[in-house]
Amino acid sequence: MKPLTSIKNIKNEYIKRILSNIIGKDVMKILQSTPEQVKRAIAGLSDEQLRTPPQPGKWSIAQIVNHLSDAEVAFAFRLRMTVAQPGSPLQAYDENKWAASLGYDKTDCRQKLGLFSVMRSDHVRLLKSLTAKQWKQFGMHEERGKETVERIAQMFAGHDVNHVKQIQNIRKQLLKKTSK
Numbered sequence: 036m037k038p039l040t041s042i043k044n045i046k047n048e049y050i051k052r053i054l055s056n057i058i059g060k061d062v063m064k065i066l067q068s069t070p071e072q073v074k075r076a077i078a079g080l081s082d083e084q085l086r087t088p089p090q091p092g093k094w095s096i097a098q099i100v101n102h103l104s105d106a107e108v109a110f111a112f113r114l115r116m117t118v119a120q121p122g123s124p125l126q127a128y129d130e131n132k133w134a135a136s137l138g139y140d141k142t143d144c145r146q147k148l149g150l151f152s153v154m155r156s157d158h159v160r161l162l163k164s165l166t167a168k169q170w171k172q173f174g175m176h177e178e179r180g181k182e183t184v185e186r187i188a189q190m191f192a193g194h195d196v197n198h199v200k201q202i203q204n205i206r207k208q209l210l211k212k213t214s215k
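Going by the numbering used here, the sequence shown opens with residue 36, and the numbers climb by one from there.
Do not rely on the hints blindly, as some may be mistaken.
Simulated pairs of lysine-lysine, PhoX-like, Cα-Cα distance not exceeding 25 angstroms [unchecked claim]:
| hint | residue 1 | residue 2 |
| --- | --- | --- |
| 1 | K37 | K181 |
| 2 | K43 | K64 |
| 3 | K171 | K181 |
| 4 | K147 | K200 |
| 5 | K46 | K60 |
| 6 | K37 | K211 |
| 7 | K64 | K51 |
| 8 | K93 | K64 |
| 9 | K200 | K211 |
| 10 | K207 | K147 |
The hints are simulated quantities; they were obtained by calculation from the structure and are not laboratory data.
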């Protein structure tokens, strides 16, 4: 897959924001390296630190890691539907409802990172096995419309970059507080 070079023709602001994270970058490297980046970013933090939101109404590191793990479930489904059943509908989900209903603030974030890592490894393997034709197959996302396998991979890579930055920024804030 070639790196994305432009987002100027994209109208959807969410897609534009997410894809802006990967312009000129190797999507497969991002997808492959994200679990290790998250692991490094949470290393040495206590459970209390992991569960501390950076400010009221914002997700903690633990909640972000849980979100990454559950988003990987959506990635799994969308990827498989698009490869195995091109043209299939791809359901959206409300991440805030998942976070509230699935206990993101209580779940063991390191365990969820392990699950995310295993799933992601399998998805990278699957993506690497696809033919050029399969990369162009598409599903119909209920909010965003036609999405090829390539666009799905790009969206998840951009999503990864967004959340890794968030985790790293929260870590810096937490460590700044503890060093005072």
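Restraint status (C-alpha distance of K207 to K147 at most 25 angstroms):
Between K207 and K147 the Cα gap is close to 22 angstroms, so the pair holds against 25 angstroms.
Straight-line Cα separation of K147 and K200 no greater than 25 angstroms?
Satisfied, since the Cα-Cα distance of roughly 18 angstroms is no more than 25 angstroms.
Keeping to a limit of 25 angstroms between CA atoms, is the pair of K93 and K64 held or broken?
Roughly 28 angstroms between the alpha carbons, so the hint for K93 and K64 is violated.
So if I understand the rule, the pair passes when the alpha-carbon distance is 25 angstroms or less; does K46 with K60 pass?
Cα-Cα ~21 angstroms, so holds.
Given pair status - K181, K171, alpha carbons within 25 angstroms
holds, 11 angstroms
When you check the alpha-carbon spacing of K43 and K64, does it fall within 25 angstroms?
holds, 24 angstroms
Checking one constraint from the list: CA of K37 to CA of K211, max 25 angstroms. Satisfied?
violated, 39 angstroms
Quickly compare the C-alpha distance for K200 and K211 to 25 angstroms and report which way the hint goes.
Holds, at about 16 angstroms.
For K64 and K51, compute the direct alpha-carbon distance and say whether it is at most 25 angstroms.
OK: K64 and K51 at ~20 angstroms, within 25 angstroms.
Please verify whether K37 and K181 have alpha carbons no more than 25 angstroms apart.
holds, 19 angstroms
Against the hints set out earlier in the document, violations occur for numbers 6, 8.
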